[in-house]
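Construct the complete structure from the given sequences, taking the supplied hints into account.
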Amino acid sequence: MKTMTPLSPEQQRLAQSMLINVNRPIDDVLALLRGLSALDQELTARRKNASKILGVSIVIVFIGLILARKSFGGAHFAHYIVVALTVAAVIAAIASAVMYKRLKKADLTDDLTNSAIPFLTLLREDMNSGGTIHVKIDLRSAAINEKKVKENRPKDPRFTKIIESFFVNPWFSGNVVLADGTRLDWEVIDKLLQRVRTKRNPRGKYKTKTKEKWHVVGGVTVAFPTKQYAVADASADEKRHTIKLKRKVKTDSKGSSAFDVLVDMIAEAYGGVAVARRS
Amino acid sequence: METCKAKRGFFSLRDCGEPVAKKCALCSRPMCTHHLSPASGYTRCLDCDARQAEQKVAGGTANVNDPSWPYRYRSSYWRTRGYSPIYGGYYYDPYYNDYDFRSFDSDMARRGPSTASDSGDTTGFGDS
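Chains as they are written, first to last, in this note's numbering: chain A, 622 to 900; chain B, 21 to 148.
Where chain A lies over chain B, by a calculated footprint (3+ residues, C-beta under 8 Å):
no.: 1; segment: 82 to 93
no.: 2; segment: 96 to 106
From the structure, some residues in chain B lie toward chain A, with a derived Cβ separation under 10 Å:
no.: 3; residue: Arg28
no.: 4; residue: Gly29
no.: 5; residue: Phe30
no.: 6; residue: Phe31
no.: 7; residue: Ser32
no.: 8; residue: Leu33
no.: 9; residue: Arg34
no.: 10; residue: Glu38
no.: 11; residue: Arg122
Calculated directly from the structure, the hints in this document are not laboratory data.
By construction, the Cβ of each residue, glycine as well, lies at the ideal position given by its N, Cα and C atoms.
Shown next, in the form of structure tokens:
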């Protein structure tokens, strides 16, 4: 797919595989991710345009069919114009539907822009210049078969069919040693409960509604160097005090939940340490 | 050689220490090129820029590619969440008095590394 966003061969490969697993300087990681984020924003804008064109085309086809039927039998110039416009609208509708499907398939998760990039941008401030970081990001949607762990189907689907699917998506993890010597490991797992309800109304028309509930589960392990930090409630060896924290947030729409959870947990870990005196 | 007086970090702070490029037009502190705000035409430091454009923590990840974003976000986060970052540097700077820092060594933070000592229980950098 041709895009306006300039991408390196690696970014093109990652945009296709949607799986990132890199261990390199933070500036390189951010440059890589910002390119992918720009690509995602471009594809999202194009997808919205395609859906608008699809909607307008369907309306034109509908009106065109009514007008063509009214003027059927007459060899007016206006009749030919209506037929030509309707055919053009059908072609536009098919093309935009195909384009929409392709763009939807290439869509990267919004978590990249809303959570991963802001979190890594903040971590960069706490790292030494040129410091390396290990980052794993799964940019695929949470609602794919590979991530589905459970599905409940109704026994009697005559009138209302409700399918509940449960997905587990461990999409963001990594580790880094910060400038103060603290070792940080993090992981974010999204748990999605998707309820698809299909109902047949008295006129025989089917309607489908989809509801989603998200649980964003974040976990961090912060290992503080004993030389600089004293920690009361932490497991410690000779070199490090280790604090492990886990938090779950329930939400209907995700936004930047993962970012907020990670930042709050690391701040909580830092808030629980006392400062050791230098010798 | 004079060094940049900005403090780097979000969870813990440290001195920047890069060579000075220019003084901030608002606070007059000497700053390196990384700590001058491009949006201000490199006349203000990122901290002054952040204080001027105070950003709410909620939904605060907009414009994340702007170099001053981490400074706006940290200023907002520290104030609204009451977070006190740990300071691991040496140079006391009254500019940061608004924040409640915890210092690695309060005496050293006050006097600088050359006069640092182990003794003393005085409150130090930003203790408020």
